[in-house]
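Trainee: Work the whole structure out from these sequences, hints included.
Sequences listed follow chains A and B, in order.
Note that the numbering used here numbers the first sequence so that position 11 is 11, with each residue one more than the last.
Note that the numbering used here numbers the second sequence so that position 266 is 266, with each residue one more than the last.
Source of the hints: derived by calculation from the structure; they are not laboratory data.
Calculated cross-link-like contacts (lysine to aspartate or glutamate; reagent style DMTMM-like; alpha-carbon spacing at most 25 Å): (1) K6(B) to E207(A); (2) K176(B) to D95(A); (3) K11(B) to E321(A).
Here are a few chain B residues that sit away from chain A, every Cβ distance over 10 Å (derived from the structure): (4) N45; (5) D111; (6) K132; (7) L138; (8) K140; (9) H239; (10) I251.
Simulated DEER-style distance windows between Cβ atoms: (11) E321(B) to H25(A): 12 to 22 Å; (12) E85(B) to D199(A): 22 to 32 Å; (13) H91(B) to W129(A): 34 to 44 Å; (14) C39(B) to S247(A): 55 to 65 Å; (15) G154(A) to C39(B): 26 to 36 Å.
Because the structure is a prediction, the values reported are computed rather than measured.
Beta carbons: idealized from backbone N, C-alpha and C, even for Gly.
Number of protein chains: 2
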Amino acid sequence: MPELRKDPIIKRWVIIATERARRPHDFINAKENVESAFCPFDYGNEHTTPPEIMAFRPADTAKDSPGWWVRVVQNKFPALDSNIEPERFGHGMYDVIKGFGTHEVIIETPDHNASMATLSYGQVREVVWAYKERLQTLEKDSRIKYILIFKNHGREAGASLVHSHSQLIATPIVPKRVAEEIAGAAEYYRFRERCVYCDMVNQETLEGTRVVEENSDFVAFEPFAARFPFETWIVPKVHSHNFGEISATQIESFSIILKNTLLRIYKALDNPPYNFMLHTGIRGIDESNHYHWHLEIVPRLTRVAGFEWGSGFYINPMPPEHAAMYLREVSTEEE
Amino acid sequence: MPELRKDPIIKRWVIIATERARRPHDFINAKENVESAFCPFDYGNEHTTPPEIMAFRPADTAKDSPGWWVRVVQNKFPALDSNIEPERFGHGMYDVIKGFGTHEVIIETPDHNASMATLSYGQVREVVWAYKERLQTLEKDSRIKYILIFKNHGREAGASLVHSHSQLIATPIVPKRVAEEIAGAAEYYRFRERCVYCDMVNQETLEGTRVVEENSDFVAFEPFAARFPFETWIVPKVHSHNFGEISATQIESFSIILKNTLLRIYKALDNPPYNFMLHTGIRGIDESNHYHWHLEIVPRLTRVAGFEWGSGFYINPMPPEHAAMYLREVSTEEE
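Mentor: As structure tokens, this is what we get:
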């Protein structure tokens with residue numbers, strides 16, 4: 001049974017997969033694994049994944065059969081288990097929670113060779129609708145304290161399958177990084193009585209030097225204190241703490257800016273590995289005044305080394321103002 | 001001029017290398033770089049590094065010439081500059097400090113092919129003496145608020161040269177990760193009136209299941225909430241917040257447990273890439289009751305992906321109790 005364990009010093013929770021027996025040898029050659037020709041996310045292989053949780057598919061097609069355009073299934077090797085109750089217990093001085101949670105995969109397209117940068121705007125929009133639907137369904141479970149939607153693109157970014165997909169992990173605790181954002185935003189709000197993300201949107205659109213793209217509802221920019229080269233955030237212009245409350249119009253404009261930003265990165269950096277993470281408040285966390293949902297995109301171009309791990313302090317060799325300039329230069333027209 | 005910039009939400013400082021002009025193309029093939037046959041850390045190439053800051057060498061040898069057994073120089077591409085004053089200024093809503101600091105390289109041996117796991121105990125002891133000497137010298141500068149000593153071993157862990165070396169970065173702010181440890185330890189101290197690290201040493205030595213090696217002064221163990229497979233901490237048994245206060249006897253026993261732990265990892269995992277980070281309080285930070293210096297070793301066996309970046313929450317597929325068992329099984333006898 002997986003366990004959540006808490007670091008007693010900095011209060012970071014980790015998931016320990018206590019039951020997956022792995023020997024040291026399993027780690028040694030893990031990196032040489034080559035993907036097989038078989039893909040469980042292709043049409044016709046639906047029976048090789050766990051059963052469909054939801055799918056967008058024609059009404060006349062059956063569950064777990066071809067025809068879908070977006071499909072959500074449980075992760076075959078879930079990090080957490082929804083059949084466990086999130087009981088808390090102590091182990092001497094340490095704190096533990098039984099490994100309750102969910103771990104889902106959002107298959108973004110039936111096209112094995114597509115990626116989010118090259119999908120149509122319409123298809124990206126459907127994926128965003130799936131995010132919204134899963135978030136709104138899961139946040140009704142009061143045992144779930146946080147829901148993270150994220151994407152690993154490319155082997156260097158942690159993807160084990162090339163077929164374009166994102167993931168969702170729901171946890172019985174608010175993860176450290178998100179709790180820090182919420183606490184930091186709350187502190188800023190107490191000091192200024194304004195949302196820090198709204199202030200960033202204002203300064204970024206005013207200053208313009210770090211902006212990559214902007215439309216009526218969203219702005220994509222390189223954050224002033226970017227950790228990584230070409231790190232890019234997409235932030236809604238109108239204050240909203242919960243992604244689940246996104247409107248149909250906003251989904252349209254979010255899909256356009258998301259696809260365009262990924263396409264700019266794809267073209268400028270030759271389809272680099274990247275991660276993106278959707279940071280959102282969820283129903284039941286009272287941070288609606290000061291928290292503000294957003295998406296963080298991080299191309300994986302540099303290695304994180306001892307200094308970064310040891311200090312939480314990053315060295316970024318690419319000023320965000322230069323990165324924004326390079327990304328703005330890229331055309332998002334179809335070629 | 002490099003700049004330190006602060007994230008206004010979670011207060012993480014980053015170093016932006018504003019002057020190193022890099023284009024997107026520079027990132028694309030960066031990973032294919034192959035090390036040249038020339039090594040600036042070999043005997044005879046001393047003139048190709050910045051001048052020696054200190055070295056352990058026979059009295060009859062000249063600075064920047066062969067004969068040394070440990071040598072410290074400035075990093076050729078320093079992330080921070082000791083000739084800049086750490087002035088603070090604002091940029092709209094953002095905070096900036098001019099890029100003051102130092103970035104040094106500790107060359108651990110003249111032997112091009114050695115690594116800390118395979119060096120003699122005596123040679124490791126000399127490296128530890130060099131750490132102590134640099135720490136004690138630099139902490140006298142009141143502009144320096146923190147000093148991090150760390151090591152990147154192997155390309156996957158961020159090392160750009162194979163010749164065994166560690167690094168030191170001194171910064172005008174306390175980095176986020178360290179500030180969190182200090183704050184967490186202070187909170188624990190207020191609650192229990194005991195040091196959290198002392199409590200961990202007690203529970204770990206009592207329980208034994210996560211212990212890798214123990215001697216009179218130190219214990220090496222897998223932390224209960226380990227983020228990574230085979231993550232190992234070395235903690236002094238007697239409370240001490242500042243590594244700079246380490247005694248000659250402790251240096252002896254620290255060198256033995258450090259070399260042995262690295263050798264166990266080297267043998268169990270076939271010389272994996274790893275990072276280690278020395279976390280210590282420094283003179284002038286008043287945390288002597290509750291903070292406790294220690295060394296964290298992190299083999300780089302799994303990829304950090306979107307979930308970890310997005311949440312600060314780690315999935316560890318190797319229970320620390322199993323990892324400790326595997327590392328205890330390894331013989332540290334010379335073969």
